[in-house]
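Given these sequences and hints, build the entire structure.
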Amino acid sequence: SNKSNDDSAKDDTKKSDVVNENDTSEEVTSNKNDGDEKSETKEPIIMKFAHAHPAGCPRDQSIQYFKEIVEEKTNGNIIVEVYPAGQLGKEPELVEAVKMGTIEAVRAGVFDATATELMVYTMPFLFENLKDFQSICRGPIADEIAEATKEVGITVTATGDGGGFRQWTNNVRPIKEPDDLKGLKMRTPPIDSIVQTMEALGANPVSVPYVETYMGLKTGVADGEENPIINIGTMKFYEVQKYITMANYQVHPDPVYVNTEWLESLPEDLKDIIIDCSKEMMEYSDSLIYEAEEKYMEEMKNSMEVTILSAEERQKFIDASKVVWDNFVDQGLIKKEHLDAILEELE
Amino acid sequence: MKYIKDMFKFLDKFLEIFNVSLMGIMAVSVIITVFMRYVLNITFIWVEELITFVFIATTYFGIVLCVKEKEHIEIDFFRNLVPGKLKIITESIITTIVVFTLVYLAVISFGWIDKVGNTLSSGLKLKYKYVYIMMPISFILSALYEIRSIIQKWFVVKVQIEKAGGRT
Amino acid sequence: MNILILIGFFLVLVVLGVPIAYSIGASSIVYLSMHAPQFCCMLPQRIWSGTNSFIIMAMPLFVLAGELMNTGGITKRIINFSMYLVRPFKGGLGEVNVVASMIFGGISGSSVADTSALGSVLIPQMTEKGYPKAFSAGVTVASSTMGMIIPPSIPMLMYAMASGESVGSLFLAGLIPGIMIGVSQIAIVYLISKKNNYHPTFEKFDRKHFAYTMKDGTLAILMPIIIVVSVSTGIATATESAGIAALYAIIIGALVYKEFKLKKLYPILKRTFLTSSSIMIIVGFSMIFSWILAVEQVPQIVADFFLNMNIGKNWILLILIIIILFIGTFIDVAPALLLVVPILLPVMKGLGIDGLQFGAMMITGCAIGLVTPPIGMCLNAATKVCKLQITDIFKASLPFIACNFIVLLLVTYVPAISLWLPNLLLK
Ligand code: NA
Ligand code: NA
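Chains as they are written, first to last, in this note's numbering: chain E, -12 to 334; chain P, 5 to 172; chain G, 81 to 507.
No wet-lab data here; the hints were simulated from the structure.
Worth double-checking, as some hints may not be accurate.
If you anchor each label on the Cβ, the simulated ranges turn out as follows [claimed, not checked]:
id	chain 1	residue 1	chain 2	residue 2	range
1	G	LYS274	P	GLU166	55 to 63 Å
2	E	GLU131	P	PHE39	40 to 48 Å
3	G	ASN503	P	TYR42	26 to 34 Å
Heads up, the beta-carbon is just placed ideally off N, CA and C, and yes, glycines get one too.
Structure representation (structure tokens):
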């Protein structure tokens, strides 16, 4: 139930062939950002912003964009230093570092270390499409859900899409109803909500490291896998898979975690800029993801048979995987009221 | 004095058996997970986490015995060039540096654990502080072992000097 | 450059003889207290992070598998098997030493283990058959460098950890360079032995002995194949494949060779955890350094520095090779990889070098460091066995190390040597 939203992000590092060209190493020494610093002081405030995805990927690009707009809007009073590709640690460690205040912000798909309530977004088939998801994660319910992270000293300044809806691919048959998944060996990352969904639908989850998955699919260690379109594209899984079902079965949120103490120590105007720019960053990030998704879909629709679920077909999956929602609520990981609020809002 | 010696003797044996068992458990559980996955088609997320924790335990409790068994990786090339009497002084300096490092790290570990230790692990749903605590414990035990080892070396030197003194 | 003070202090401590892990710890504590005290609280987390790696868990299991194979009588069977392999071209124990290292390299992921296991048997045997002792030790250490290049390889796990590359592909990337080193070393041994008349006369061919030696040898060679195939096809993780290897070692040691006894298990497990934790603590502490370097943005600075040099890719690569060799000479393999890879990887990416190829370069380069004085772990292991000075062993190993060096150049300038096999099988 933790790890990054699109598989182990560290594994993704290899896909980066972009050297960080944005020269963040300006003539600024990393000095302590005490709360008493005011926006008019000469010494700029440093905001260390880390993430574990490769340099140059949508997440990195949008954080670079955030850097640009923050530095512009604050007239250089806040300098954002971006640390991509897990340079400063794996995702759970980066979250720890934000809690301790050694770095100021991180974007990571880990929820155990912040608030399990955020996993409500990952419930299978909760959102039918992008519009639904965005209306929730950019709306007031999102703030309510994110309230829980305050307890560990973290503020979520915005929530976006962690990488697009997750879909199923496989080599055996087109998946149109839950029975089609029965007995399929599906490669799954060690994320609870995914494993439980696969089990609820009758598939056999097989755990293969992300970077070995291509070969695992090719050799039949797994019949299929589940991932967002971008991952299926960058890892070239479509080369070794025959069928894809556009199930939109799960989506992972991409919260912007900021150290609360640091954020509150900022003068009101700077704090507002950080929050506004976070929202802007996530909108930009989402648009980058959808752009990339479209590009990859174009590339792979000829090499796989695409199945699109009708409303009735989708309903069968929803019914079959409801048990996952109940499990998460029963275990106290997510709140029933949040689920209800989302469903009501989407009505 | 005898009391301390007995304590170390007990610790030596205990840590050795403990680590040997952990290593064995780790190897066996890895083999079992492969079997479960491919023969029985079962995967447990928490098993992977458990094995990782066992491995981490062998590391932290293992380094304590590395002091006694002189297994720590170090460059003794230059150290061996130091002539006789200076040697014990060099050794003492090294031990001081090591003990300082270990104690310092153990102390700040508590701050770290205090701050972030309440997070539940994703598989076993175990509070991380119960796992993290291995590290400061290991560092403190290692420091004790380092101190024991340098005292033993001093003792040898003392005996040598006494012997030499006896002869003249 | 504050960072140079950090590195300088670290080197002083290492030279003084402070264990490598604690040299990193002490120098970082001093550095952070002086320049960025607010980051001191990160130290425990960084150490923990290094020791908390699922990939690297394969290491103790490979060590265990190697120990089990040793105790199970595998070493002497590999040597016997190798004698038949060099027989067709009338080679002697010198060639056997190299061939056995290639096979043993496919079992142990470590070169040092290779030196001690084969050296303790072969150096005395070779000396008895009239080979000069220094020559025997030189061949032994030089050939044992293949232990970490031919898969499986513990240093490859560390490279995978530092770079995010796939372990399976890395294993395949090391196979051809490893074999090239082996084959060229055999040629050199052959030429030197022939010139100096080291080659002994052959014993009579015994068909029965031949038959069971072949069977034993095949069982031994099967193990690296199991490991490489299972990892690179995604059937098992590196960790699991090492577990399977340990199981395999127990089974053939107990049931086929019948040399493995249960009471040997305790000392084996003891040696395993001691080796493992002495390596793991370095892995843990190395994370402190790479974190400090990252916070200080050293990788970007280094990348910018190299990429802005107007001297062309080939010259930059040559400089990088020299840096790798230099670092490998003075630091042990594990810290060298964990410290250098995060710094140089951005340069390589900038030059358009594949991460797998860089892995093969790093591994081949660091392997040379194992036999170069003053600090070479294989030299140390060999002196323990044969009681010669490390400089004498090093001199004798030079002609063979030349092979390693040439292969390093080839790996650097001919991408296909490391990339052809992984691309062929995995793409
Ligand atoms: Na090897
Ligand atoms: Na060697």
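Taking the hints in turn, this is what the structure says about them:
1. LYS274/G / GLU166/P: 55 to 63 Å: holds (60 Å)
2. GLU131/E / PHE39/P: 40 to 48 Å: Holds - the Cβ-Cβ distance for GLU131/E and PHE39/P, about 46 Å, lies within 40 to 48 Å.
3. ASN503/G / TYR42/P: 26 to 34 Å: About 28 Å separates the Cβ atoms of ASN503/G and TYR42/P, which means 26 to 34 Å holds.
Going through the hint list in order, the structure satisfies each hint without exception.
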